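Enquirer: The lines below spell out each chain.
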Amino acid sequence: MIDQTTSTPCPWDELISALLDGELDETEAQALEAHLADHAECRSELDELARVRQRVRTLPMRSGTPAFWLRVVDDVASDRPSSSPTAQDRAAVASPARLRWASVAASVVILAAGIAGTRGGGAPATPGSGTTASRAAVIAGITATRAPAEGDSAGEDVNVGDGTVVVDVTSTTIPGLGSDPEWLQELADAINDVLN
Amino acid sequence: MSLPPVTDAIPTWEDVARTHGRFLYTVAYRLTGNDDDAQDLVQDTLLRVRRGLAGYQPGNFEAWLARICTNVFLDDVRRRRRRPVGFLPDDPDRVMTPAPAADEASTMLPRDLELAVAGLPDEFRTAVVLCDVAGLSYEDIAIALGIPVGTVRSRIHRGRKILRAALTGMPR
Ligand SMILES: [Zn+2]
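First to last, the sequence lines map onto chains A and B. Using our numbering, the first residue of the first sequence is number 1, and each one after it goes up by one. Using our numbering, the first residue of the second sequence is number 197, and each one after it goes up by one.
For the record, the hints were derived by calculation from the structure and aren't laboratory data. Note that the structure is predicted; figures quoted are calculated from it, not measured. All C-beta atoms in this analysis are idealised placements derived from N, C-alpha and C, irrespective of residue type, glycine included. Treat the hints with care, as some may be off.
Claimed, not checked - Computed list of chain B residues with no C-beta within reach of chain A, every gap over 12 angstroms:
| hint | residue |
| --- | --- |
| 1 | 253 |
| 2 | 263 |
| 3 | 267 |
What the hints assert, rightly or not - Label pairs and their calculated CB-CB ranges:
| hint | chain 1 | residue 1 | chain 2 | residue 2 | range |
| --- | --- | --- | --- | --- | --- |
| 4 | B | 335 | A | 27 | 10 to 20 angstroms |
| 5 | A | 50 | B | 256 | 17 to 27 angstroms |
| 6 | A | 22 | B | 252 | 20 to 30 angstroms |
| 7 | A | 10 | B | 276 | 38 to 48 angstroms |
| 8 | A | 60 | B | 256 | 20 to 30 angstroms |
| 9 | A | 8 | B | 248 | 42 to 52 angstroms |
| 10 | B | 249 | A | 41 | 44 to 54 angstroms |
| 11 | B | 342 | A | 83 | 21 to 31 angstroms |
| 12 | B | 249 | A | 9 | 42 to 52 angstroms |
| 13 | B | 249 | A | 33 | 37 to 47 angstroms |
| 14 | A | 28 | B | 331 | 18 to 28 angstroms |
| 15 | A | 9 | B | 208 | 45 to 55 angstroms |
With the rest of the complex left out, here is chain A (with noise of 0.2 angstroms):
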C-alpha cells in the first residue's frame, strides 16, 4: 500500500496530474485512462491526488488587511518599494488618498450619509443627506450613495464608535478584497479614523 521511495514507480504515475488538470493531449489521456482501468496503485494515486489537489484550490482566499491596502496603495502611487524605510512605519497615518482607497481597494460602495449621521449622537442620518456627508464623499472620492436596494441583503451596519458607516458590500462586479463583518468592521475603523 506505501509506496518504497526507492521502488520503481509506475511509468504512468508522472502524467496522473497533468490528468487532473487537463493537460494530457487526447491521446495520452485516454491511453493514461486505459492504464488505470488496469492498475488500482495507479487508480489511488489518482483518487489521492485529485482530493489534494481540490483542498489547494479551495483554500480560502486571502485579502489583506484594510490598513495594509489603505497604506499600500499610498505607497506604490509614490513609487515606495517595500524596502523603503519609510513605507512601513506609515500605516496607521491618514490621508485622503488613503481615505478614497478605503473604498475603492476594498470594492465597497460607503454610503457616506451614514458616516455623517451621528456626529452629535443622533439617529443615522439618511443615506444620501448632510453637509458632513457630502464632504465625507468628496474627500472619500465617493460617488454613489444608493442605498441597498430592497430584498438586497448584504448591506452591512458597521458600528463605529459613536458614529455609523453602512456599506454596501452588494457590489460583486469587482473581485474585493473582503466581505466578511470583520473585515468591513476594519475597513469603517480605518475610514473613521480618517474622518475623525
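Assemble chain B with the ligand onto chain A, guided by the hints.
Expert: Only chain B with the ligand this time, still in chain A's reference frame:
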C-alpha cells in the same frame, strides 16, 4: 451582479489593485506563507505593474499578474534567501502519524494544508501555486518560471505528492 464591460484598454495599476487585489494578495500569501512577506510582495508587484503596464498585451490578465508576482518573489528569494515560516514536510515533529482512514487528505484542517504549501521547496511551491491558486495553464506557468512545460508537469506532480505526504505522513 454583472461584470463590467471588458475592454482591451490597458488598465491602470489602481484598476489592478481594485479588481485583482484579492487575487494578487492570495497568490502572494501562498507564495510567501505569511502576511508580512505577502504585504511586501503585493506592494512590490504593484510597483512593477505600475512601471510596466505599458508592456502589457491584452490577454489573460491574472496570468500576467501572477507571473510578475512570482518573478518579484523569486528575485527576493535569490537576493535575501527569504524563507517561508511553514514547516518542512520531513520535519519529524510536524509530520502526522498515518491515520487508518484512507481519505485523511479530505479531513485535514485548512491550516495544516496552508502550512504544508508554505513548507514546499520554492521550485515546487511556485509551480503548485501558479497552477492551483492562480489557475494558470502549464504553458503559462512555463513562461512565468522560464522552464519547459515538461518540467512544470513534473514539479506540480511532485509538489502534490509532497503535500500528500506531509498531510498523511505517508512517504510516496
Ligand atoms: Zn500504473
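Enquirer: Compare the structure with each hint and give your call.
Expert: So, going through the hints one by one against the coordinates:
no. : hint                             : verdict
1   : 253                              : holds (22 angstroms)
2   : 263                              : holds (18 angstroms)
3   : 267                              : holds (15 angstroms)
4   : B:335 / A:27: 10 to 20 angstroms : holds (18 angstroms)
5   : A:50 / B:256: 17 to 27 angstroms : holds (25 angstroms)
6   : A:22 / B:252: 20 to 30 angstroms : holds (27 angstroms)
7   : A:10 / B:276: 38 to 48 angstroms : holds (40 angstroms)
8   : A:60 / B:256: 20 to 30 angstroms : holds (23 angstroms)
9   : A:8 / B:248: 42 to 52 angstroms  : holds (46 angstroms)
10  : B:249 / A:41: 44 to 54 angstroms : holds (49 angstroms)
11  : B:342 / A:83: 21 to 31 angstroms : holds (24 angstroms)
12  : B:249 / A:9: 42 to 52 angstroms  : holds (45 angstroms)
13  : B:249 / A:33: 37 to 47 angstroms : holds (43 angstroms)
14  : A:28 / B:331: 18 to 28 angstroms : holds (22 angstroms)
15  : A:9 / B:208: 45 to 55 angstroms  : holds (49 angstroms)
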